[in-house]
Every structure is written in structure tokens, then in C-alpha cells.
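**Student:** Position chain B with the ligands against the provided structure of chain A, taking the given hints into account.
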Amino acid sequence: MIAHRHILGTFDEALGSLRNNVLMMAGLAERSLERAMKGLTERDDDICANAIADDEEIDQLEIQIDKDGVDILLRFQPVASDLRRVVSAMKLSSNLERIADQATNIARRARKLNQHPPLPEVELILPMNAQAMAMFKDSVDAYVREDVELGRAIVPRDAKLDDLNRVASRRLIERMAQDPEQLRGYLNLMFIGRHLERVGDHATNIAEDAVYAAAAEDIRHQGVAAST
Amino acid sequence: MVNLVMATPERTVIERAERATEPISTSTSESAVPLTFQVKNLSVWYGEKRAIDDVTLDIASNAVTAIIGPSGCGKSTFLRCLNRMHELVPKTRVEGTVLLQGEDLYSSTVDPAIVRRRVGMVFQKSNPFPTMSIGENVIIGLRLNGVRNQKFLNERLEKSLRMAALWDEVKDDQQRLCIARALAVEPEVLLMDEPCSALDPIATAKIEELIHELKAEYTIVTVTHNMQQAGRVSDYTAFFYLGRLIEFGPTTKIFTNPSQRQTEDYITGRFG
Ligand SMILES: Nc1ncnc2c1ncn2[C@@H]1O[C@H](COP(=O)(O)OP(=O)(O)O)[C@@H](O)[C@H]1O
Ligand SMILES: [Mg+2]
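First to last, the sequence lines map onto chains A and B. In case it helps, the working numbering puts the first sequence at residues 1 to 228. In case it helps, the working numbering puts the second sequence at residues 1 to 272.
With the rest of the complex left out, here is chain A (with noise of 0.2 Å):
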């Protein structure tokens, strides 16, 4: 449904405007997570150091849209979907930012990994990053598209991602016992595990905001009231 312009044209312009922030804040965070990644993979301290410096940005982004979206709460007071949407940019927001701490922090641990012989293990990390990103940019595109099917779909994902986490943890608790030498490697890389499962989450937090812009439908844990 294509929403008819409003009769005060400065109100959409500034609902443009809070979208436009969040879309270029979506964008930051997902080349950042892409550049934690390339860090940890390809083992150059440099990448980790950009994917470092976006979050920088990111956090100034989060600022504007919250004082935007007061703002537009105060001046024109909206109801209906407008309302949604100014509610479910603030907390795409919010998630946004959290995804790209979770980015810093991985880039941080590479930055450590690097400084020691590379570990095979890494590769136990690989499938939980491809499940943590495919899950983020789905929902972003739900969030975009107004897509509710595609915001839906995502929030069963969630449980795969958490067991790859589970399944690499152990191996890599495992690896501990074998090879103390390198504890600390494995650590890092089980946090890493423990931030692309974080991404996951938050992923799953704006599919339902964007289930809930575009239907007004409150999708958060249907799971647990549903065994209750």
C-alpha cells in the first residue's frame, strides 16, 4: 500500500528524513560486521581497524534519529502508521547500534587472534557469521519493504543460529582441554561466536519492529506465550 502524501508537506519530509537515517545507519553496521569478518578471515589488523572507526558514526546516527524522532513525536503528533513507523525507526535504531557494538567487538578480538598462528577453528565460525548476516540483511529488507512475510519468516532462523553457536562452542571447549596453549585463541573465538549470535538477536528485533510498522501486528514472543 502506497501511502497518500500527507496534507503538511514539511511532516513527510521529515519522516523521510528519519528513514533515510536509519537505511544509512543499516548500511554502516552491515559494512561494518562485513569488515569484522574480513578482519578475523583474512587476518589484516587494518580492516579491523575500519570496521573499528565506523562505529563512530553509527553512534552519532543513533543520537539524530532519537532526537528526530522525538522531535516529529512533538511536532506532529502522529497516529496510525505514521506513528508505527516513527516507533519502529527508533527501536531499528537502538538494534542497529547494538549490531554494530557487536561488530566492534568481534573486529577487537581478531585484532588479538592475529597477533598469534591462525587457528583452523575459525572455520566454526564461518557458518554462524553467513547465518548472523543473512538474518540481519533479511530483516532490514523486511524492515524496507514493508515486507511482512519476509519479517516473519525470520524469527524461527534464530534457533539454527543458536545452535551452530552451541555446537562450536563445545568443540571449541573441547580444543581448550587438547591444545592449553592456545586457550586464549579459542576463547576469542568462542566470543566471536557469542557477538554473531548477539547479531542474531538483534536481527530478529527488527524483523518484528518491521512486522509491526507495516501490520501492527506484535510478533515478540509468540513462541513463549504460545507453550504457556
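Incorrect hints may appear among the rest.
As the list claims (entries may be wrong) - Using 25 Å as the maximum straight-line C-alpha spacing, the simulated SDA-like pairs for lysine to any residue come out as follows:
hint, chain 1, residue 1, chain 2, residue 2
1, A, Lys91, B, Lys253
2, B, Lys253, A, Asp218
3, B, Lys253, A, Asp12
4, A, Lys91, B, Thr252
5, B, Lys206, B, Met121
6, B, Lys253, A, Ala215
Hints are computed from structural coordinates only; laboratory data are not their basis.
**Tutor:** Same frame as chain A, but now just chain B with the ligands:
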């Protein structure tokens, strides 16, 4: 409670199931909410012009129902039909039924003066009679209804002023005075036609608070142009457009996720 006629007519029971085929929701909820009004297929004409077109709507008791919609969509006309004030306008014609507590408001045995006592109206422009004291203003409604006993009048005066939280205050707050006057005849329902449209923000906030308190005792139907006000004060919202009821439902639903495009465009201020 005052009955509409001397001999209590048999209460009409409307099968809620009848409503199941309605294209849009017109009832307050699935569960049995006590209803003050049941409006069924109401149409109103001024001469040849149809101002209300086949409106079916339930009004819940002890709740605030807001009527919203662009100018000329029939909000005031609809409100006037709830206490038969439309009959004061020449050449009006009404079709359909309005039940008040299950009784047919338009039955030939019903006295319109009694209806207007049970269903009070507060207008857009506050119009206290300027030469009278506050007290006289409040009890004028009773006097107009033929009440002469002075002790009774004084008791009523104090009670309704307290209700309108005016007792200790001065008379600059004219709209609340008008509400007090409407309350003096002890109605069951209060109809308000844009009660805040001429008021400053503080007076508006006081009226809104008053509305909030009054709903414990009264059923309130209010017309408003102010979307935020409808969101703040009402439990249910009805959106009218060109004399038709486009959408009706709980206010939070209407203002977060209306189901009709026309409602969405109107409340968000879009070109329809
Ligand atoms: N006394 C009247 N005589 C003729 N037409 C009227 C009269 N009152 C209202 N109307 C017409 O009926 C329609 C609904 O009016 P009204 O109920 O006052 O709308 P609203 O309160 O939503 O602005 C409008 O087109 C208006 O011009
Ligand atoms: Mg009017």
C-alpha cells in the same frame, strides 16, 4: 431512573447475532459491554439533503465515545438524533431506530422533553446566560423543566457544581459552567459537540479531566475536531465521512491501526 413514558414499555432486546453480517464493526466489542444507545440503520435528511446515511452503531455505557470526521460529515446531526434535538430543525426527516437503554427513542409515546432531560447536551460555544449568577445558570435547566422547589434546587445546584468541580472556583470557566448546567437535570447521558473548540489549553485540559471523571457516572458522546483529544479522552472512536460511518472501534485500535484507508488518511492528515 426516569422512564421515557409513564407506562414502562417492554424492553427491546436486539439479537447481537443480527449484526454478524455487518460489513464493518459497529459494536463495541465481541463481549457483552453494557450499551446505552443502539443505533440501527439511521438516516437523516434536511429537506432533500441526506446528512446521515444508514448508520448502525452501539454506544457503550459509562464510556466516552468520540465522533470524528471532516466538517459537514454529519457529526452534529448524529449527536442531535441521540436526544431528538434534530426535531427542533424544520424539515428534518429520520429513518431507522435509536434505542436508549433498550427503549425506542422515536416511539410516538415518548416525550421528547423527557428524552432531552435524560440525554443532556453541551454545545460548542459556551453560552452561559450572561446576566445570571453561576447558581442561576446551573439551575436554569431545572427551572425550564418546571422544577420550583427551592430546597431541591439548592441541593441540585451544589451537587452539580461539585460534579463539575466548580464549587470553589470562580466563573471565568464558562464551558464547565455549561457542563454543570447540563448535569443539574441529572441526565444519564452527556452529549458534547466540540466542547473545547473555543477554549485555551488550560481550560481544555480541565474539560478533558472532567470528562474523564464524569464517565464513572455518565455515558458520554463527544464530537471533536482534535485528533489528539479524541485519543486522550475517548474509549471508542467513530469516524464519519459524508454522512456514513466508515469505521468504529476501540480508540487505541483506531489510532494505531485503523482498518479503513479513509480513516488512516483522515487521522494522519493525508490527502484522501
Ligand atoms: N439545519 C440544516 N439545514 C440544512 N442542512 C443542514 C442543516 N444542518 C446541517 N446541514 C447539512 O448536513 C450536513 C451535516 O452537517 P453537520 O451534522 O452539521 O456536520 P458536522 O457536525 O460534521 O460538521 C452538512 O452537509 C450540512 O450542510
Ligand atoms: Mg458540527
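**Student:** Would you mind marking each hint as holding or not holding in the structure?
**Tutor:** Each hint tested on the structure:
1. A:Lys91 / B:Lys253: Within the cut-off at roughly 21 Å; holds.
2. B:Lys253 / A:Asp218: Roughly 13 Å separates the two Cα atoms, so the pair holds.
3. B:Lys253 / A:Asp12: Given pair Lys253 of chain B, Asp12 of chain A holds - Cα atoms ~23 Å apart, limit 25 Å.
4. A:Lys91 / B:Thr252: At roughly 20 Å apart (the allowed maximum being 25 Å), Thr252 of chain B and Lys91 of chain A satisfy the hint.
5. B:Lys206 / B:Met121: Holds - the C-alpha atoms of Met121 of chain B and Lys206 of chain B are around 18 Å apart, at most 25 Å.
6. B:Lys253 / A:Ala215: Measuring from Cα to Cα gives roughly 12 Å; hence the hint holds.
The structure shown violates none of the earlier numbered hints.
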